[in-house]
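Student: Sequence:
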Amino acid sequence: MAKPHWFPKVEPLNFTPVNNSHKRYLGVWYKNIPIQTVVWVANRNTPINGSSGILRLNTTGGNLVLTQNNDTVVWSTTLLTKVPNSPTAILLDSGNLVVKVKEE
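Using the numbering used here, the first residue of the sequence shown is number 1, and each one after it goes up by one.
Among these hints, one or two may not hold up.
[Unchecked claim] Ranges of calculated distance between the beta carbons of each label pair, as one might list FRET restraints: (1) Val65 to Leu92: 13 to 23 angstroms; (2) Asn14 to Asn45: 13 to 23 angstroms; (3) Trp40 to Asp71: 17 to 27 angstroms; (4) Lys100 to Asn20: 31 to 41 angstroms; (5) Ile35 to Lys82: 39 to 49 angstroms; (6) Ser86 to Asn32: 29 to 39 angstroms; (7) Asn20 to Thr72: 15 to 25 angstroms; (8) Thr37 to Thr60: 17 to 27 angstroms.
[Unchecked claim] List time: in silico DMTMM-like cross-link candidates among lysine to aspartate or glutamate, alpha-carbon distance up to 25 angstroms: (9) Lys23 to Asp71; (10) Lys23 to Glu11; (11) Lys31 to Glu11; (12) Lys31 to Asp93.
Think of the hints as simulated: they come from the structure by calculation, not from any bench. Computed from a predicted model, the values in this text were never measured in an experiment. Backbone N, C-alpha and C fix where the C-beta goes; we use that ideal spot for every residue, glycine too.
Take the sequences, apply the hints, and build the full model.
Tutor: Here it is in structure tokens:
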């Protein structure tokens, strides 16, 4: 499968401050351009205060859960169907973040 035209121009999934703020967002950003541009961001409406955030993959149901330093949930996925065994999170070339069953 061919990579999309934007693929080599993005940073990997990371926690990034925006506009020199102390608030952080989990996302994917375009790199090497003067204006910080979002490709995808998880917690757009609820930034993490400070520098401590944890992204966990719930192995019993497959949901991704983003928490800040006091274990407060700031973002999570809501799967319509539980992933039965060994879920894995993958950022696809299309830019979609998906949770699926780990392939053996």
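Student: All hints, please: hold or fail.
Tutor: Structure-based check of each hint:
Our hint of 13 to 23 angstroms for valine 65 and leucine 92 holds, since their Cβ atoms are close to 20 angstroms apart. Distance hint for asparagine 14 and asparagine 45: a CB-CB separation of about 19 angstroms, consistent with the stated range 13 to 23 angstroms. Taking the beta carbon of each, tryptophan 40 and aspartate 71 are about 24 angstroms apart, inside 17 to 27 angstroms as hinted. Evaluation of the 31 to 41 angstroms hint for lysine 100 and asparagine 20 yields a pass: the beta carbon distance comes to about 37 angstroms.
Between isoleucine 35 and lysine 82 the beta carbons are some 40 angstroms apart, a value that agrees with the proposed interval 39 to 49 angstroms. A hinted range of 29 to 39 angstroms for the beta carbons of serine 86 and asparagine 32 is consistent with their spacing of about 36 angstroms. In this structure the hint that asparagine 20 and threonine 72 lie 15 to 25 angstroms apart at CB holds, the actual value being about 24 angstroms. The given range of 17 to 27 angstroms is broken by threonine 37 and threonine 60, whose C-beta atoms sit roughly 36 angstroms from each other.
For the proposed pair lysine 23 and aspartate 71, the alpha carbon gap of about 16 angstroms is at most 25 angstroms, so the pair holds. A distance of roughly 18 angstroms separates the Cα atoms of lysine 23 and glutamate 11; the hinted pair therefore holds under the 25 angstroms criterion. Between the alpha carbons of lysine 31 and glutamate 11 the distance comes to roughly 6 angstroms, so the proposed pair stays at or under 25 angstroms and holds. Between lysine 31 and aspartate 93, the direct Cα distance comes to roughly 16 angstroms. Compliance with the 25 angstroms bound is thereby established for this hinted pair.
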